[in-house]
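**Student:** Quick note: to get my numbering, add 182 to the position in the sequence shown (first position is 1).
Everything labelled a hint here was simulated from the structure, so no lab data went into it. Since the structure is predicted, the reported quantities are computational estimates derived from the model, not experimental observations. Please note that a few of the clues may not be correct.
To be verified - Using 25 Å as the maximum straight-line C-alpha spacing, the simulated DMTMM-like pairs for lysine to aspartate or glutamate come out as follows:
1) K222 with E198
2) K207 with D245
3) K244 with E205
4) K248 with D237
5) K222 with D191
6) K207 with D191
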Amino acid sequence: PLLAINSADDLINPPELGILEREIKRVPHGRAMVLPLSDKTRGHGSHTIAALWRDQLSILLKDSAK
């Protein structure tokens, strides 16, 4: 499985373009999500804040074990 995560305030890969949602369909067992804007997100740097996506990582690891 593959999990692609973006944040709503990412200016480098803006979710408004819909690229992630469009292209994840090409990835077998791929899943995409956009973290909602919050006081904890930091734009493109949100990927470095594991607390924002740790629950999704846990799901990915469980799915990968199957």
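**Student:** Tell me the numbers of any earlier hints that the structure contravenes, in ascending order.
**Tutor:** none
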